[in-house]
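Work out the full structure, taking the sequences as your base and the hints as a guide.
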Amino acid sequence: MSAHTPSASPRKPLVLMTMGSQARNGHDYQVMTHKYIKPLVEISDCTPLLVPTCCGTEALEHYLSLADGIYLSGAGSNIDPALYGQQNLTPDKAQDRERDLFDIALVRAAIDKGVPILGICRGMQEINVALGGDIHQKVYSEPGFDDHREDPEDPPELQYGESHMVELVEGSWFADLMGTRRIPVNSLHGQAIRRLGRGLAPLAHAEDGVIEAIHAPGLPQFTLAVQWHPEWHASENPHSVKIFTAFGEACRRQAAQR
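Under the working numbering, think of the first position of the sequence shown as 1, with each following residue one higher.
Read the hints as simulated data drawn from the structure, not as lab findings. It is possible that some hints are incorrect.
Stated by the list, open to error - Derived DSSO-like pairs (lysine-lysine); straight-line CA-CA distance at most 30 Å:
1) 38 x 93
2) 35 x 12
3) 12 x 242
4) 242 x 113
5) 113 x 35
6) 93 x 138
7) 12 x 38
8) 242 x 35
9) 35 x 93
10) 38 x 242
11) 35 x 138
What the hints assert, rightly or not - For each label pair, taking beta carbons as the anchor points, the in silico distance ranges come out as:
12) 179 x 57: 38 to 44 Å
13) 61 x 182: 40 to 46 Å
14) 253 x 54: 28 to 34 Å
15) 245 x 92: 37 to 43 Å
16) 141 x 207: 34 to 40 Å
17) 258 x 108: 17 to 23 Å
18) 94 x 249: 18 to 24 Å
19) 157 x 238: 25 to 31 Å
Where is the CB? At the ideal position from N, CA and C, for every residue including glycine.
Below, the structure written as structure tokens:
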């Protein structure tokens, strides 16, 4: 190498982002919304690898062998309730069983391999179901709980605006990361965790008691999932910046072990 040849940049962590199914004009698409990708690139400083879920799990281990992190996004579809032992109470809502089956297997394999995991909204529910938990399919109909859904008539800026406060578990690493016990969040979900999966514990609750954030305290790797949407205008939200920065740092530690 000559004195004028620049040295290679350090390899950025590679993070798997699984896509979901969406039908458009008679064609099936695999999709990922920009708002989930941008904070992973701009704040976490990681490289996304978009993974199709429409072809089964045959290549899952190969994808995972490349990964320094797993990032499970939200989506417009619900998890198939048969996967957590319930009848479907929301037949009007879209499902994506191919994503369900891929992501549940991916969560379990990532846990076995010690790969960091971040989940958002549907992603949090996938982690819970993968570990044997279940879900309130219509949390807005459950006694004592609020309606956490957005108004479909509102523009996105209102839908993703601050909706309510969440209380962080006192003394938790997450409360330390946020630097406070209460933070404002948006709210765009009709479903919520009912019973926590094996090894999972809450990190935050809404004012009505709905679980808003979870982790797996017995696992060595970074695990965090939240029910709200920190990806929305993430760079403008100090709490979101802290979440994506912490995930990026965990992925860099994982990459350094290669």
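| In ascending order, which of the hints set out earlier in this document are inconsistent with the structure? | 16, 18, 19
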